[in-house]
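*Asks:* Single-letter residue listing:
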Amino acid sequence: MILVCLIIFAVSMMYLFLAERISKYINLLIVQGILLFIVAFINLIEINTLGLIMILLETLLVKAIIIPRFLNKLRRTNNLKRLDESKIPTFYSIIIMTIIIIISFIAGYFVKNQFIQLKFFTVAISTVMGGIFFIIIHKNIFNHIVGFLIIENGAFLLSLAVGGEFPFLVSLAVLIDLLIAVLIIGVFVNKIGDTFEELSITSLTHIKD
Amino acid sequence: MLNVSIGFIYGISHILLSIYAYQHINSVDSVYFKFDSLSVLLNGLLSLILIPVLFHTRYYLNRHVPDRKMKGRFLSLMIVLSTAISGVYFSDNFLIIWVCLEITTIAVTFLIFHERYTDALEAAWKYLFISSFGITIAFLGILFLSVQSSSGLEASLSFSYLQSVATHLDPVFLKIAFLLLVTGYSIKLNLFPLYAATIDAKTAAPFPVNAIASTALINGGFVAVIRIYSVITKTGAASWAQHVLMIVGVLSLLIVSFQLFRVKRFKRMLAFSSMEHMALIAIALSLGKAGYYAALLHLVLHTLAKTGMFLNFGEIRACFQSGWIKDTGNYMKINGFSALIYLAGLLTITAIPPSGMFMSEFLLFKALLYTGNYILFAAILILLTIIIYVLFKLSMQLLYGQAPDSFNPEKAIINRYEPVSQLVLFGLVFYLAYFPPALFTGLMNAALQILN
Numbered sequence: 043m044i045l046v047c048l049i050i051f052a053v054s055m056m057y058l059f060l061a062e063r064i065s066k067y068i069n070l071l072i073v074q075g076i077l078l079f080i081v082a083f084i085n086l087i088e089i090n091t092l093g094l095i096m097i098l099l100e101t102l103l104v105k106a107i108i109i110p111r112f113l114n115k116l117r118r119t120n121n122l123k124r125l126d127e128s129k130i131p132t133f134y135s136i137i138i139m140t141i142i143i144i145i146s147f148i149a150g151y152f153v154k155n156q157f158i159q160l161k162f163f164t165v166a167i168s169t170v171m172g173g174i175f176f177i178i179i180h181k182n183i184f185n186h187i188v189g190f191l192i193i194e195n196g197a198f199l200l201s202l203a204v205g206g207e208f209p210f211l212v213s214l215a216v217l218i219d220l221l222i223a224v225l226i227i228g229v230f231v232n233k234i235g236d237t238f239e240e241l242s243i244t245s246l247t248h249i250k251d
Numbered sequence: 009m010l011n012v013s014i015g016f017i018y019g020i021s022h023i024l025l026s027i028y029a030y031q032h033i034n035s036v037d038s039v040y041f042k043f044d045s046l047s048v049l050l051n052g053l054l055s056l057i058l059i060p061v062l063f064h065t066r067y068y069l070n071r072h073v074p075d076r077k078m079k080g081r082f083l084s085l086m087i088v089l090s091t092a093i094s095g096v097y098f099s100d101n102f103l104i105i106w107v108c109l110e111i112t113t114i115a116v117t118f119l120i121f122h123e124r125y126t127d128a129l130e131a132a133w134k135y136l137f138i139s140s141f142g143i144t145i146a147f148l149g150i151l152f153l154s155v156q157s158s159s160g161l162e163a164s165l166s167f168s169y170l171q172s173v174a175t176h177l178d179p180v181f182l183k184i185a186f187l188l189l190v191t192g193y194s195i196k197l198n199l200f201p202l203y204a205a206t207i208d209a210k211t212a213a214p215f216p217v218n219a220i221a222s223t224a225l226i227n228g229g230f231v232a233v234i235r236i237y238s239v240i241t242k243t244g245a246a247s248w249a250q251h252v253l254m255i256v257g258v259l260s261l262l263i264v265s266f267q268l269f270r271v272k273r274f275k276r277m278l279a280f281s282s283m284e285h286m287a288l289i290a291i292a293l294s295l296g297k298a299g300y301y302a303a304l305l306h307l308v309l310h311t312l313a314k315t316g317m318f319l320n321f322g323e324i325r326a327c328f329q330s331g332w333i334k335d336t337g338n339y340m341k342i343n344g345f346s347a348l349i350y351l352a353g354l355l356t357i358t359a360i361p362p363s364g365m366f367m368s369e370f371l372l373f374k375a376l377l378y379t380g381n382y383i384l385f386a387a388i389l390i391l392l393t394i395i396i397y398v399l400f401k402l403s404m405q406l407l408y409g410q411a412p413d414s415f416n417p418e419k420a421i422i423n424r425y426e427p428v429s430q431l432v433l434f435g436l437v438f439y440l441a442y443f444p445p446a447l448f449t450g451l452m453n454a455a456l457q458i459l460n
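Those protein sequences? They're chains G and R, same order as listed.
Each step along the first sequence adds one to the number in my numbering, with nothing skipped, and position 118 is 160.
Each step along the second sequence adds one to the number in my numbering, with nothing skipped, and position 134 is 142.
One or more hints might be untrue.
Calculated lysine to aspartate or glutamate pairs in the DMTMM-like style (CA-CA distance at most 20 Å, straight line) [stated by the list, open to error]:
id : chain 1 : residue 1 : chain 2 : residue 2
1  : G       : K250      : R       : E123
2  : R       : K77       : R       : D44
3  : G       : K233      : R       : D127
4  : R       : K272      : G       : D251
Treat the hints as calculated values from the structure; they're not laboratory data.
Chain R extracted, bound-state conformation:
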C-alpha cells in the first residue's frame, strides 16, 4: 500500500512539474536548468506515460516480485530513473545532461538486475560497462566542446551560450565533439555503434523498465544529441553533421533488418523495433529543415506506441509465464481483447495506415523525395518492408499459432481490464497524428525553433 501511495504521489508531482514548466516556458532563471518548448513537450510526454507505467508496475510487482523490500527498491529506482530523465530534458548545460545520463545508467543497471537471474546479470553488466564507456566517450566530446567556450576562468557549456557564439567556434573541434557525443550517447539512443548492450539490456529488463527505457530514456539521448546538433547547424559544419546522422541511421536500419531474423524473444523484438524508429528519426534529422517536423512527431508517437507495446507484453508474459515467442500461441482465443490490442499496437509501430505513425513516416518519405534522396528513399522502403515482414511473422505465432504443450491455462493470469491503458495510448498516437490539438502543434513548432 505504501509503495502504491509513493508511486501515486510521484506521478502527481511529475504531472505538476510538467504543468509548471509549461506555464513558465523560457521564464525560469536557473544556472543549469531551463524550461524550453522541447523539454516541456518531452517531460509532458514522460508524465503521460508514467501514469500507465506506474499503474502496471503494481501488476508486475504483485505477480513477479514477492518480497516487499524488493518492491520498494524497484519503485525507488523507477523514481530515480524518471527524475534523472527529467533532469536531462530540462538541463541547459552539456555537463549536467552528462551527469543525469550517468545517473540513468546506474538506475537502469539495477532495474535490469532486479529479478537476479543469470541473463539479467549478464545484461546488467554489459549495459553498465558499455554505457559507462559511452558516457566517457561523450565526456571527451564535451571537453572538445569546451575548448573554445572558455570565458574567463570557467568554461561555459550552456546551450544558450554556445548557440549564441556558434558562428565563432572552430568547425574542426565542433565536428570532433559532435562525433564523440553521438558515439557516446548512441547507447542511450539505441543506435549504431553502441546499440548491442542496449538491446541485451532490454531483453532482460522487466517490462515497466522497458516502457520507460525504450521511450523516455531514448528521448533523453535524443535531447542530448539535438542540443549539440542545434549548435552545429548554425556553423559551416552543419552538412557534415547531417551526413554523420544519415550514416548512423542507415547503418542502424540495416542492422535491424538483419538481426530481426534471429530474434526469439518479444522484448528483444521490441528493442530492435525501437532501434528501427530511432534510425528513422536520425535519418529525418539528417535531411535538415525538411525532416525536422517528421523527426519530432515520430519521436513523440513512438514514445506512446512503444510504451503501449511493452505494457501489453506484460500481459502476454502473465498469460504464458514466458517471454519467449516459441512459448506462446493462440493468444487471439486465449485473451482476445489483449490480442486485439497487440494487433493494433503492431499496426501502429509498423506504421500501417490508419496508424498515426504512418503520418510521421509519410512526412519522412516526403522529405526524402523533396531533398532528392531517391536512392535512400528506395533503400529505406526495402529495409522497412523486410522489418515489417519479420515483425508480423513473429507476431503471428503469438496471435494465431498453436499454443505450446507447456501452456497451462490454470496458471495463466488474465485481466480483461489491463489492455485499456494500451488502447488509450494507441488511440493517442492516432489522435495526435491526425487531429493534433493546438497545444500540441504549438509546442512542436516552438520546439523546432531550437533547430531553425
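Bound conformation, chain G alone:
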C-alpha cells in the first residue's frame, strides 16, 4: 500500500508539470496531502497517540484542507485562472522531471544506509528537487507558493525516510511555524496583487540599484 501511494505521489509530480490551471495545482496539493497522511499513518501506526495526532494535523488538516482552502481564496481574490507562463515548454519540463526522479534513485543507491528507508528517500529527494525546479521555471509568485509547498511535502517524506521522531512539542512548533509562514506569504501575495499590475516576479525589480 505504501509503495502504491508513493508511486501515485511521484506521478502527481509529473502531472504538476503538465497542468496549467491554478485549480489543478491546488487539487494536486490536496491529493499529495492525503497520500502523505496514508503513508505516514501506515508507517507510523505503532507510535504514541500524540505523535499520530500530530501527523493527522500536519497532513490531513493542514496540507489537505487548510492550505488548499486558503490558496483557493487567494486564487479567487486575485482572479487567477490559467497561468501558462512557464519558461520551459511542458515537454522539456516532463523530461527534466523524469531525469530528476532517475537521479534521486541513483542518489538513494549511493546513500544506502541502515537508518534510511530508501523508498521514501528517493521520492522525497525527487519531490524537493521537483519543487525547486517548479519555482525556477515559473514567473508567477502564486506558482512559487505551490513550489514551496511541494518542497515542504518533500521534507515531510524525508522525515519519514530518516525515521527519527521528534518530541511532540517540537513537532508542534515546526508545524505552527510553517503554517504561519504560508499564511503570511499568502497575505503578501494579496498585497502584491493590489499594488502591482501582475503577480509576476518581473514586476518586482524596483529595489535593485
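Take the given structure of chain G and dock chain R to it, following the hints.
*Replies:* Just chain R now, with coordinates in the frame of chain G:
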C-alpha cells in the same frame, strides 16, 4: 510614553537575562536551552546594542511614524525579533534554533514592510519567500542530521549529545547536513548563495531594524552554523567543511567587490559591507584553529561597528530626508559632529588603523599566512582594497560633495547629541580590540572551546 516605557522595561529585562546567563554558565538544566560561553557573549552583545537601538527607535518613530498604533506595532515586533534572536543563541537543539530563526523571519518581514511603500513590499516579499525557502532547506539538513542521532524513539538533536557522538556519525550524512544548513542559513548570515534577498531587505528596512538584523541576527545565523561546524570538526569531514566555508567566503567577497560599484543607497552599501565582514569571518573559520579567534573577535567588533553605522544613517536620513547617496552632500559642514562620527565609523568598518577591526583582520591575515594560503592572502587583499576604495568613494559624496539642489535646510532635522551613542560604540570597538578586559577575553576563550 507607554511605548518608551515598554522599550525601557524590555531593555532592562534583556540586560538582566544576560547577567543571569553569565552567572549560570553551563549550570542551567533545561531540555532545549543552555547558557554556554558563546551564547552568553553574543546575548550580552545584543543587550549592549539594544540600549542605543531602542533609544534611537524613539527618534525614528517620532520622525517617520505618525500613527500611535503603528509605533506600538513596531516596538512589539522589535521585541519579538530580539527575543527570538536570544532564543537562537541559547538553544541547545538544532530544531529549536530552526524554530527561532523562522520567528525572526516573520518579525523582520513585518518590520521591513512597516512603512508600507512599494519597495518595502517588494523587499518584504522577497525576504519572506527566500527566507522560508532557506529555512526549509535547513530543515532538510536537520533531517539528515537526525538520521543517526535517533536514540530510542525520539531523535536527539541537542548539540551536547551530537558533539559527544560525533565520531560515530556517518561523514556522508554530516557533509550533506552541513551543506544544506549552510545554504539554508546563508540568508541569515548575509552570505552566498541566498544573500540577494537579505541585501534587498536591508535596503528597505527602517534603520533600527537594520541595526539589529545586520548584527545580532547575523550572529544568530553564525551560531546556527557554528553549532553544526563544532560537530563536524570532530569528525573526518572537518577539512571538507572548511573548504565549503572558504568557497562561500571567497565567493561572497567577490560578489561584494563587484556589486558595490552599482550601489546608490546608503543602507544597501552598509548591507554589502556586512556581507564583506561575514565573508571574512567564514574565511577565518575555514582556516581551522589558527583563524577561530580572529573570526569571533571580528564578529563581536562588527556587531558594535555596524550598529553604530546604521544608527548614524538614521541621522543622515533625518538631515537630508532621503537615503539615496545622490540626495546627500556637504555633510561635514551641515552637521559636523555627526559627519565626523560617520568618518570614524567608516574607518572602523574598513579596518583602517587605529580601527579595532584592523586587529581582527590582521589576525585573519596572519592566520592565512600561517596556514600557507598565500594566493588567498593576496586575493583577499586585492578584493578588500577594491571594497575600501568604493566605500570611501561613495562616502565622499556625503561628506564633502556638493549638497543637492533639493536639500532644504529648514526641513533638515539635526540633533547634536544623537551621534554620542555611535561614538561610544566605535570607542568600544577600539577598546575591546586593543585593551580587552579580562571578562571579555575569558568569555572569548571559553566560547572558542566549543570548536577546539
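*Asks:* Each hint needs a verdict: does it hold in this structure or not?
*Replies:* Against the structure, the hints:
no.	hint	in the structure
1	K250(G) with E123(R)	holds (18 Å)
2	K77(R) with D44(R)	violated (38 Å)
3	K233(G) with D127(R)	holds (12 Å)
4	K272(R) with D251(G)	holds (6 Å)
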